[in-house]
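There are 2 protein chains.
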Amino acid sequence: MPEPDHTVHVDLGSVISDRSYAIEIGRGFLDDPDWWRAVVGDRGIVVVTDDQVGPIYAHQLKQGLSHAAPITEVILPSGERHKHMQSIELILDAALEDRHERRSLFIALGGGVVGDMTGFAAACFLRGADFVQVPTTLLAQVDSSVGGKTGVNHAMGKNLIGAFHQPRRVMIDLNTLLTLPQREYAAGLAEVVKYGLISDGEFFDWLVANRELLKQREMETIAIAVKRSCEIKAAIVAADEREAGVRAHLNFGHTFGHAIERMQGYGDWLHGEAVAAGMVMASRISADRGDLAPAIVEQLMAFNQSVGLPSAPPTGHTAEDFLEAMSSDKKVSAGKVRYILLRGLGTPRITDNVTVEDIAGVIAS
Amino acid sequence: MPEPDHTVHVDLGSVISDRSYAIEIGRGFLDDPDWWRAVVGDRGIVVVTDDQVGPIYAHQLKQGLSHAAPITEVILPSGERHKHMQSIELILDAALEDRHERRSLFIALGGGVVGDMTGFAAACFLRGADFVQVPTTLLAQVDSSVGGKTGVNHAMGKNLIGAFHQPRRVMIDLNTLLTLPQREYAAGLAEVVKYGLISDGEFFDWLVANRELLKQREMETIAIAVKRSCEIKAAIVAADEREAGVRAHLNFGHTFGHAIERMQGYGDWLHGEAVAAGMVMASRISADRGDLAPAIVEQLMAFNQSVGLPSAPPTGHTAEDFLEAMSSDKKVSAGKVRYILLRGLGTPRITDNVTVEDIAGVIAS
Chain A
66 MPEPDHTVHV DLGSVISDRS YAIEIGRGFL DDPDWWRAVV GDRGIVVVTD
116 DQVGPIYAHQ LKQGLSHAAP ITEVILPSGE RHKHMQSIEL ILDAALEDRH
166 ERRSLFIALG GGVVGDMTGF AAACFLRGAD FVQVPTTLLA QVDSSVGGKT
216 GVNHAMGKNL IGAFHQPRRV MIDLNTLLTL PQREYAAGLA EVVKYGLISD
266 GEFFDWLVAN RELLKQREME TIAIAVKRSC EIKAAIVAAD EREAGVRAHL
316 NFGHTFGHAI ERMQGYGDWL HGEAVAAGMV MASRISADRG DLAPAIVEQL
366 MAFNQSVGLP SAPPTGHTAE DFLEAMSSDK KVSAGKVRYI LLRGLGTPRI
416 TDNVTVEDIA GVIAS
Chain B
66 MPEPDHTVHV DLGSVISDRS YAIEIGRGFL DDPDWWRAVV GDRGIVVVTD
116 DQVGPIYAHQ LKQGLSHAAP ITEVILPSGE RHKHMQSIEL ILDAALEDRH
166 ERRSLFIALG GGVVGDMTGF AAACFLRGAD FVQVPTTLLA QVDSSVGGKT
216 GVNHAMGKNL IGAFHQPRRV MIDLNTLLTL PQREYAAGLA EVVKYGLISD
266 GEFFDWLVAN RELLKQREME TIAIAVKRSC EIKAAIVAAD EREAGVRAHL
316 NFGHTFGHAI ERMQGYGDWL HGEAVAAGMV MASRISADRG DLAPAIVEQL
366 MAFNQSVGLP SAPPTGHTAE DFLEAMSSDK KVSAGKVRYI LLRGLGTPRI
416 TDNVTVEDIA GVIAS
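Protein chains in written order, with my numbering: chain A, 66 to 430; chain B, 66 to 430.
Hints were generated in silico from the structure; no laboratory data involved. Do not rely on the hints blindly, as some may be mistaken.
Copies of the same chain look alike in the list, so a pair counts if it works inside one copy or between any two.
[Unchecked claim] List of simulated lysine to aspartate or glutamate pairs, EDC-like, C-alpha gap at most 16 angstroms:
| no. | residue 1 | residue 2 |
| --- | --- | --- |
| 1 | K280 | D356 |
| 2 | K127 | E363 |
| 3 | K401 | D96 |
| 4 | K280 | E389 |
| 5 | K280 | E249 |
| 6 | K223 | D158 |
| 7 | K401 | D99 |
| 8 | K127 | D99 |
Note that this is a predicted model, so its numbers are computed, not measured.
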């Protein structure tokens, strides 16, 4: 190749990246000024929440933050359809108009949508401000609040605009789960059981054994489930922050799940419900190949039934429908659908070798 | 402080950051397919330029990229007043509508405004795509294209929204300087001479000695000036990527310069012209204190006069006017204006100890 006259090297390889953080799991800290004082220090605060969570919990959080100033509060309309750039601009406008500095702290109080948007706004604010996740749904607690993925949707698809921006801390107050609607709570449990399936067989067994306590929201049991889920997600994210390898295992059940969401129309089944059915499908294909003990599939279905999750895909869709829905997924590269199957409990493998017969067999059973 | 029931640590400290890159300086590569093939490989391309630079150079660049597909071209209206979020959305819309993937490469063809916006759009595209800077102004070549600062303006101030996102490569084709208007070229030289003053006395002497050749745009001389400027900026950025310490030295002349821009109304004096006058002011204060040889101030003024830069602030502003303009600067923290002075050629120091008398003395002289 042609040579430049001069080349100057910019060496940033030695920059120290201080992006490690703690996920703290407890009960009743939301309105505890002592807890918050240690987190916030003397920094300004931008609290972002939505019109569903805000009315229930913002008052408690503001009690906890009573020593902090200035506090800016941004209340967004709730729901995935408001997860777009205009909401990011609302957050940034409010923070800039209140003259926050780069050292101000953004706090996301809500579910995954609020967390993703607050993190992205913090990433863009004066080229990067700190943020803290206070996830109030089980799904956000065990999934979206850990891992640093932030962003918004675009007309062309979900989460197409965003940044990797790690929170400084994740503060999980389990009491917030007590007001969560039953279906949303169950949808979070789908991701919890996923961690057992892809990474920890003992945890899976424990979840199956404790499914009734989980369903009843017994707090000691939930605390263990949330803690172990966060540990597993944290280990996977630490091994693969930018999603080049093992982080793909987190998509277990999601290839089929996205197809179900697409075929049903988004909003009919919750994401976690579709993933629950997708995990049953992926597990059964694994069992049909002799890679997974059939008893595991039965246990997964029993878990789903106990906690109120579907244990089969919706009726009326053929194997061809599934294949078509999956191949239009944005994550499909070069036309090949990638499946996460199991080659034993706790051990995922990635393959593109799933046939229409495999899928037809699962639907028939 | 109160203790959480459980704490999970997310350890990202060991992630390898591959953000080092080369700045290549040469002539005539813009339309050279061999050069570009090595840079681009088989990736898709998003070229971003503006309606001033595009008509002159986009055709050459597209010749150089003739092997690449798909190519998306985004032509933004030129000028600082279009440096806002709506332009970022135009870039992202175009890239997403053409179904680019995360491995597509964004190329910024233009001055600092185009570079800042392209870099920010790339940072947000699917949570982070690569980008290459092809700066076509001297200012962008020696300043904004190196260092990873990207972003846009907001009604509350300049560059308030953005990201630190390092380019994968900076490709400087010096031939693009031949079409640059004289005032813009001179404004770039202000940043060049700044590097000598804050970091390399020999380079300063060489610039003063070669000022006529620089003014005439003698290419061998420009190449050396650009290369040494990039080396100095790269060293400072590598030592302080996130602007915690020595990177502040790059603001030499800028505290007074911003005040001049503010007092004159933005757009009357070019940024580089205001900085040129600001550097004379800061140097003279340093000389008045006995920290800098008065001959250096004279040499700086001679350099400025030769290349067509102001060597004094505009008339009609008192020392009090300056202080007022400086204390409303967004970079003022806790009410103290920070000045970069010199305690000898090549050796900056940061101080807030500059009095109204100091400034009045400079204006009077």
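Hint-by-hint comparison with the structure:
no., hint, result
1, K280 with D356, "neither (30 angstroms within a copy, 74 angstroms between copies)"
2, K127 with E363, "neither (46 angstroms within a copy, 59 angstroms between copies)"
3, K401 with D96, "neither (49 angstroms within a copy, 36 angstroms between copies)"
4, K280 with E389, "neither (35 angstroms within a copy, 64 angstroms between copies)"
5, K280 with E249, "within (12 angstroms within a copy, 68 angstroms between copies)"
6, K223 with D158, "between (24 angstroms within a copy, 14 angstroms between copies)"
7, K401 with D99, "neither (52 angstroms within a copy, 32 angstroms between copies)"
8, K127 with D99, "within (13 angstroms within a copy, 60 angstroms between copies)"
Checked against the numbered hints given earlier, the structure breaks hints 1, 2, 3, 4 and 7 and satisfies all the rest.
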